[in-house]
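Colleague: Chains as they are written, first to last, in the working numbering: chain W, 1058 to 1671; chain U, 67 to 214; chain L, 375 to 843.
There's no promise every hint is true.
Using 16 Å as the maximum straight-line C-alpha spacing, the simulated EDC-like pairs for lysine to aspartate or glutamate come out as follows [what the hints assert, rightly or not]:
(1) W/1142 - W/1153
(2) U/202 - W/1257
(3) U/118 - U/139
(4) U/163 - W/1475
(5) W/1186 - W/1196
(6) W/1211 - W/1619
(7) U/202 - L/498
(8) W/1493 - U/139
(9) W/1088 - W/1475
(10) W/1595 - W/1663
(11) W/1370 - W/1153
(12) L/582 - L/498
Source of the hints: derived by calculation from the structure; they are not laboratory data.
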Amino acid sequence: MPDTQSYDVVIVGAGLAGSIIAYQLGLAGKKVLIIESGVAVPVSREAYMERFYTQLAKTPESPYPDNPNAPRATVLQVGGNGAWKNPALTYLDQSDSTLPFSSTYERRGGGTFWHWLGSSFRFLPNDFKMATTYQRERDWPICYDDLGQPQAGKTTAYYDDAEREIGVSANVANQTYLGVTFTPGYQYPNPEIPLTLTDEFFLSTINGKQTFENEPVTVYPTPAGRNSQPYDGRRVCAGNTNCIPICPIQAKYDPTITLNKALDTGNVTVIYQAVADKVLVDAGSKLVTGIHYITYTSEGVRSPSGGGLAMGKLYVLAAHAIETPKLLLNSNNLLPAGVANSSGQVGRNLMDHPLFLRWGLTQQPTFPYRGPLATAGIESLRDGAFRSDRAAFRVEFGNEGWNFAAFDPETTTLDYIEGSNNGGTNTGGPGGTPQKLFGAALIARLNDVFTRQFRFGFLVEQSPEDDNAVTLSSLKDELGIPRPKISYNLSDYTKRAFVAAEALTNQVFAAAGVQSFSTPANPSNPGYFTYTDPQTGKTSAYEFHGSGHIVGTCCMGDTAADSVVDRNQRSWDHANLYITGSSVFPTIATGNPSLTIAALAFWAADNIKNQLGT
Amino acid sequence: MSTLTISVFVDLSSALTGVAASQLKPQIDPINIAGQYFATLTSHVAEPTLIKLVTTFQAAGNPVAGATAVLADPVLGPVARSIMKLWFLGVWYDPAKPTQAVNVVSAQAYKESLVWRVMQSHPMGYSMFTYGYWAKQPPALNQFIQPA
Amino acid sequence: MKSSRWQFLLFIGLGGLAALLAVVACTNSIQTASPVPAPPALATTPPTPPPPALSFNIPFDVTVPPQPPPTLESLQHDFDVMSWQTFVAMSWPVLPDGQPNTGQLPGQDGDNPTVWQTWKTAPEVFLPNGAPPPPWGTPLASSPLPAICRDQLQPGEYFLTQIGKTPNLLTESIQPFNTGPLIDQNGRYARFEILMNQTMFDYIVANKLYNKKAQAGVTSVVFPCGTTNPANPQVGTIMVKASWKILSPIEIQSGRFHTMKALIYTPPSTNPIIAETCEHATVGLVGLHIVHKTADAPQWVWSTFEHIDNCPTDGQVVPGHDYSFYNSNAPGAAINTPPDRPWNPNNIEPPARRPQIVRMIPIDQPTQQLNATYQAALRAVNPSSVWQYYQLVSTQWPTQPAPSCDVETSAPTNLTGTPAPQFLGNSTLESYIQGRVPNVSSSCIECHLNATTTKSVFSDFTYLLERAQ
């Protein structure tokens, strides 16, 4: 197998974190090699959009072709009636999991960020010290100020750097809550994005008028990585309402932008279609000596074509929170527990934001299916004394009607053409029976229903649990690499948030005068679970979905005994190995992880530069 | 014996969907979505059924009565409902399996699918509106849909 | 929702039509003494249509004959004719004051400086600090040239004698949205420039749209449509985008290009690292977008022309043919793919880094036939005319034009006006996004609908306003 020339830094993964680090290192004159398992960034997004337009199910994966050489899970693989457990039907081996891990990722140039929504939240100060403040979960080895205020010798905070690179649109005044601070005089790169009519409706009916468990119910605009003015050579948002799975006009930031800047430095090389499968370590020094990868020729068909060894002075793993631990665990020739795993924590503490969907109809039209997918939410409940007892959540207002919640507009359109009632609104016939409509009556009724749809999404903070873990399956993928095996469940601490979410929904819906159409939890659906209140004995049933936020499997910490990396994102075990991205989060808090991934990447880049010296 | 022509197909579609024929197939038509749907339909449905569709529709004397008669027929009804789904959703559904989508006819069909105009909006992924439009009331329904 | 305006043209009264024709007729062209037509051939061959007249008058709008009733194809033809008439009028030999030289014909001396090249370029209008540009036809207060270029100016550098005209300074080399540079088969980067006619310039100045701070107070942008009103016909707003190729001595001598002497300025950059340079060069026109807002097409009429040697149509390579942007001896190379980054316009790129450009959407037959007739008419002026080597790719026009000149207000549910053809691109200007995917592949109107001011207000289909400083 051919050796690659030696680089200063080898990075596994051309996603958000990998691109930012490569860009920063390249600017500093360091030679960087990125190994990316997937295909190259295409010249234009025509092929992705054509594929998206012609897919029946517009899932997050819908624009992006399957690749047997670098396989990944899809939302459609999280099938009901136990299908999610069948490893013949899925990439993730969940055959022994209690609940289905329901979030997915992409393996290709630009990474999973092709289909992020754009929500760019800073974490809150208390998010970093859950154990100290609430005797729950664990503390991060860093604090808010490490990301939100400039560190010694710097003029910008890492959150500032991340927001500038992404081009976040927001207003400081509307983002200063629950202890969040900004560098003095800070201004977001782009102005705040206008709220939708749906947002305005909830603002007028519930904002500042309610409390919940002694906390105020306050609506805030969502800081977003999408252009509210021409920025960075890219167009302004046109409200394509398609952020997930792909923005047709690149008004929404994606890492190909940063990757291109990295390539512009002239110091960054990317090898695509190179699946890293082993991290090699020297027995004596414990230093990483290289990363072995398998190459293949064609995305559409199994086509291995040899491999190589990527070598550098320092190594960075940025392959997202399932493939990164899988790579470390698979690197078990010398170290049976895998590379970087003296703590035994590699793969453990897998977290997501289990998503609780509630949806309904307003009395008057609010005209959903317009604008970005989400522009506001209830953010005042992300922190509070209740976190001693139950997980916190943020509440996202969806702008896409019942598209996510009920597979609309197909479901409701079919209801009124066929005379069924799968969506729940078709009860206007005699005795509440469904109507079967055509012509003007059909148009009128469809217009009436669709223009009043809305949905809430509760992003619940899942607690880190040892048993929620990525391990190696005995089943292999088409290149002979073990597939990830998942063990996943929701703790009672997490489940209690669903109880609260349902109570808040009832309260808010009543205050806003809206009618709920949320369907009862269905045991045959994959995300079905129950919670029994130990005091009352009452059992409630819920359904959760994945939010697409995969986090926690190589956590950072204060000691080598209970974490994988230190506060500088460097492995305790191997002095030339960094791990970054959402893998290193000790907790998931309530904010979408993207901005924090980016901020940590900027910090990791500085640490790497320091270690390399001048 | 009159076979189904595009012209009759558009008239029937107009009666079924409630959308004016001139919107389904404009005089000057660079997209020709009607032609695509016509081709889709005639490639999946046998000629005798198409002939019966025409005769039943035209025998009724006015479009609404024609659509009613077609929809009530055990064989023609499912075909007519597949036609409606083509126009509203851009998706072909087999009349024999009316809730199981077969395929999106084309990217153009998705982009031209009418349900989004019925809700006074645009297909997700294809907005030809300007920045900030979502903060304002949309134009009225009759600016999106010309009634039949 | 109104039905297509094009159907209303059926109802133009004869009086109105006559007036319209009179306007066109009385401003019609100088005709050269045509060769005496040969006697008609025997009965069976159909008569060939007369060669098109060459006029220095830019059409005020599309001309649609009242009979027969218009069809998609006939309207496409009418717009294509308008494109050619506009191209010819704009390419007319120019006087020092910017007016067409009515005593000459295009190409009568082979090549000629053109009317459109006297128009203001974008950098002359969007000045540093948002300073107001001087009125049309008056010079800038100080030299607009970057310092590195000033010393290089030679006597006779300009062939245009209009005082105050900025020396032909070409700086842009990356296509929109960073898709990539256009590199020719000599390894040189092509350069782009954008120009505007006086109508556009006057509107920008009157509304202070050259100034970013002033743009904050602007809530609506509606460029003038012009009018065919016989009392006072006006040409509407016109913007132009030109792509230029640095010519080798052989290419200059070939006489196949409209050329100009230019200063090629490459601004410095830190990422990628690009040195500031200024270079004399003779450049040849390889691509020309002409965009014209008219009363019948408030979504503008989008015409695009290319040099005939640019590149082959996909699947129709002529072996051994010398293309400017395609190597017919390397047929296996990936098409329409820019080279790896970084891109440096100062480089002379090696063969492996020269993209193979191919036209993805063929020029349709009727347009090709129209091209042949105009090329013949231009060649008839002088067999050495450079203008015979240009072709119309197509014209995009709204099939459901907005009811008024204010598109955003008058057509809120169909801002694009349902353009025909749906997709259109110039192989030199939209090289890497040629295709048929909605909202992504090159489509003049769809893409330009996303254009705004610096404050995100819809800018009436031009990206120029986001350049205000």
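Colleague: State for each hint whether it applies.
Modeller: Here is what the structure says about each hint:
1. W/1142 - W/1153: With Cα atoms ~7 Å apart, residue 1142 of chain W and residue 1153 of chain W stay inside 16 Å; holds.
2. U/202 - W/1257: Distance ~10 Å between residue 202 of chain U and residue 1257 of chain W Cα, so the pair holds.
3. U/118 - U/139: Distance ~10 Å between residue 118 of chain U and residue 139 of chain U Cα, so the pair holds.
4. U/163 - W/1475: Roughly 11 Å between the alpha carbons, so the hint for residue 163 of chain U and residue 1475 of chain W holds.
5. W/1186 - W/1196: Roughly 4 Å separates the two Cα atoms, so the pair holds.
6. W/1211 - W/1619: Violated: residue 1211 of chain W and residue 1619 of chain W sit about 30 Å apart, past 16 Å.
7. U/202 - L/498: Distance of about 37 Å is beyond 16 Å: violated.
8. W/1493 - U/139: This hinted pair holds, its Cα atoms lying about 14 Å apart.
9. W/1088 - W/1475: Cα-Cα ~62 Å, so violated.
10. W/1595 - W/1663: With a Cα-Cα distance of about 52 Å, the restraint between residue 1595 of chain W and residue 1663 of chain W is violated, given a limit of 16 Å.
11. W/1370 - W/1153: Violated, at about 39 Å.
12. L/582 - L/498: Measuring from Cα to Cα gives roughly 14 Å; hence the hint holds.
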